[in-house]
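Visitor: Each chain, written out:
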Amino acid sequence: MKKKSLLITTSVWIILLAIWFLVTNLKLVSPILFPSPQDVWFTFTSILVHGYNNISFWQHLGITLFRLFSALILAIVTAVPLGLASGMSEVIHAVVDSVIQFYRPIPPLAYYTILILWLGIGEGSKVILLYLAAFAPIYIACVEGVRHLNKDYILSAKSLGADKWSVFRWVIFPGALPDIFTGIRTAMGVSFSTLVAAEMVASTSGIGWMVIDASKYLKSSVMFMGIFILGGLGLLIDWLLQLLEKKWIFWKGKN
Amino acid sequence: MKRLLKVLLIVCVMVVVVGLSGCSPRNKIKSNEIRIGILNTPNDVAVARNKGYFRSAFPDKKVSFITFDSGVDANKALMSGGVDFATMGDTNGIVALTAGIPVKLLWINEMCGSNECLIVKRDSGIKRISDLRGKKIATPFASTSHYSLMITLKRAGLENKVKLLDMDTQNIVAAWKRGNIDAAYTWQPTLSQLQSDGRVLTDSSDLSKAGYSTANITLVSKAFLKSNPGDVKKFVEVLNKSHKLRQTSYSTAVKAAAKQTGISISDADKQMKGTTWPSLSAEYSRNYLGNQDKLGQFMVEMQRAGEFMQSQQTISYAPTLKQFKAFVHHGGI
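So the sequences go chain by chain: A and B.
For what it's worth, UniProt numbering labels the leading residue of the first sequence as 1, then goes sequentially.
For what it's worth, UniProt numbering labels the leading residue of the second sequence as 1, then goes sequentially.
None of these hints come from the bench; they were simulated from the model.
Straight-line Cα separation of at most 30 Å, DSBU-like style, residue types lysine-lysine; simulated pairs: (1) A/K27 with B/K222; (2) B/K294 with B/K209; (3) B/K51 with B/K270; (4) B/K241 with B/K325; (5) A/K27 with B/K226; (6) B/K177 with B/K121; (7) B/K76 with A/K27; (8) B/K294 with B/K325; (9) A/K27 with B/K322; (10) A/K247 with A/K151; (11) B/K325 with A/K27; (12) B/K270 with B/K127; (13) B/K273 with B/K104; (14) B/K104 with A/K27; (15) B/K222 with B/K76.
Covered stretches of chain A, going by a simulated chain B footprint (3 or more residues, C-beta under 8 Å): (16) 116-128; (17) 194-206.
Sample of chain A residues lacking proximity to chain B, with all beta carbon distances greater than 10 Å (derived): (18) L48; (19) V96; (20) R147; (21) R169; (22) W170; (23) L240; (24) Q242; (25) W248.
Everything numeric in this text was worked out from a predicted model, so none of it was measured.
Backbone N, C-alpha and C fix where the C-beta goes; we use that ideal spot for every residue, glycine too.
So that you can see chain B by itself, here it is in the shape it has in the complex:
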């Protein structure tokens, strides 16, 4: 009997030790591979991929791309050491910071604008935001749209006066078509499927003007940053090349993004027009990430978003401005 217990104890300890050593993200950086988590949207990463910027910047490395539906899964991948870089909405960046995932904020891919909207059914009789009282609104929880919706409702005094539903984008389309929901806060390309019988009440550019900006950002794992600082710098240069292309030849950039994400050129155009891509110098200016001395405006708004999320009890604590400052990696300079 005692021997049996001993054997059991040893087996249990072994199982746990083996299991935990598999969990820890250490030693997972492969020197000849760069793994990038991406969103399937027409952004700078898509342009860079299609134009072969990554290939020419990292000729002797294997660059692999993993598509995530949302930052939720990208965070899990970062946590487990499955990717080195990951693009996600800034609200998920706040989750990553709060949860203590060993990552740094490297780059703002695009500022959200008219590509993320609060849309209602045209025949629903909803004309103003205040008409939303008691209505069913769907949005993917933990996304930038979710944050923008909550801010919109708070500003209209409608918190807890509407029925919120957590759905991913394709289910929003299904529920919309069936008439199960009255409104949705979502992004392109889902949005264009709703626009035929919908009316836009507000979009993220309105909120941005009011000081509640949202954006897609790229995070880099601290382990990768430590072992390959040169590659991180090159990565920023690659994305900046896309931003430059958009400025110098917008149509070429749109075509590349459309081809890479498998959507029509007109759709890509619509989506890209709704977003702003900060240039390299703008990224580290006082409007966006800021520099070593002073935190940029976007980061201040991100910190405010953290406080809001904490008040909603979605994250356990709101990181301070100091923590946000330590979170940014000034990679390009």
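Bound-form chain A, shown alone:
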């Protein structure tokens, strides 16, 4: 079954690539609407060699990853304890939950200018924008993870004489960990999709900025290239997270 689905997925991509190649090489559409695969590849190799806007490709990639991961790590460090606490204590839940639920659905672009006013145009406002996007999914996953725990486990641990800390360390935390990990994966996706918005203002580096700058001059092949890199990067990071999940949380799905 697994082999079959892999085959189908691969064929879909091969077919899409073939159609792309055919349609563009037969000149059925204008190259601004649809640059050919060779064009995109040529653009990619020339940017690898010469960089874009006097900055090397690896610097663009590096600054983008730096923004993404510093936001994600900051979100994990803050959202996980707060989420777990909020899941365990009614009081903490009452204090923080409504605030987080309030800001969660607001589109990041809506408050980005305010962030710039508060934090300036440096890396701070960009990282905080991504951080805010990543915070909510992790927080919610933690709350849900604690609340969905089988109460019998906690009660039996307590009846065996475990103190509060031991119950947390050996029952609640490991029990909630699968949910936390799903939350982190979601958070990665959300902050990744906010990346282009974050690099839209006052930056002159990053993969997202490259796509925006190229769009200003209608350089389609650069836009296509940037989009492929962003898509590939998203897949790669998610795959790495899944690997970690399999390794660390081997008990997921078992009771």
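Take the given structure of chain A and dock chain B to it, following the hints.
Guide: Just chain B now, with coordinates in the frame of chain A:
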């Protein structure tokens, strides 16, 4: 298994075909509608709108206006067939020509002058352009201001010696107020928000004298031009009527422009005074667009701008004078 692949193949082909047919700008000209992309500035289009010139020129057509923040978005709209006419900075016109968007240059709305300035913080200690070394300067990339800034820096030998930041106008104001930037090249109305604690180093009229003119221009889609040549001629007449009004009764024109763009009369006055509106005969004279035989001076400068943009690697090639000649539509004559 094979059947499944076949089905997949058919689905993919269908998706792509449907998707592409949606992309192509053909057959999008509606005979009873004229769609005009505009900039929210007190220019000839604003005056004509407020005075109802469009309504009286096209009584049996629906004229709709779509406001764009910059020529960047206007170009995307032209490309996708979303508008028939669009006003933008001439640098975006060069992008449109280089990218092969099926459009022609129809009209110069206004020549930029003191309405676009390089401004620095008064307390920054920057007195001359050469003092800008190592400073942070913001401007909206791909705009006429961006071009003017790059030319200014090149002439001062400061290329790659300053930190450039790409911001749109409202973010420039925010960054200025916070003290994150030392200087900005931008246009009205943003400019007047910076002027209270700023000092103007140079403006686009200085550059114009040196042979680096910038302007807002209007492009028309080739498809519209082909199907409605009469309407294009009328469109030029409408804009020329605004230009005439400015000459005969400046205060009426300012009032109309202020009302249409929602700014105060004094702001509109300040912005309009900074620009020049060529008359119909001037448009097609040797100073501006030129005539069928000889390309005008402005077009020559536009071609030079294209070469500069190519040297900056912002466009892939610089169009030749011949290509610029083919780009102009001599609509009014």
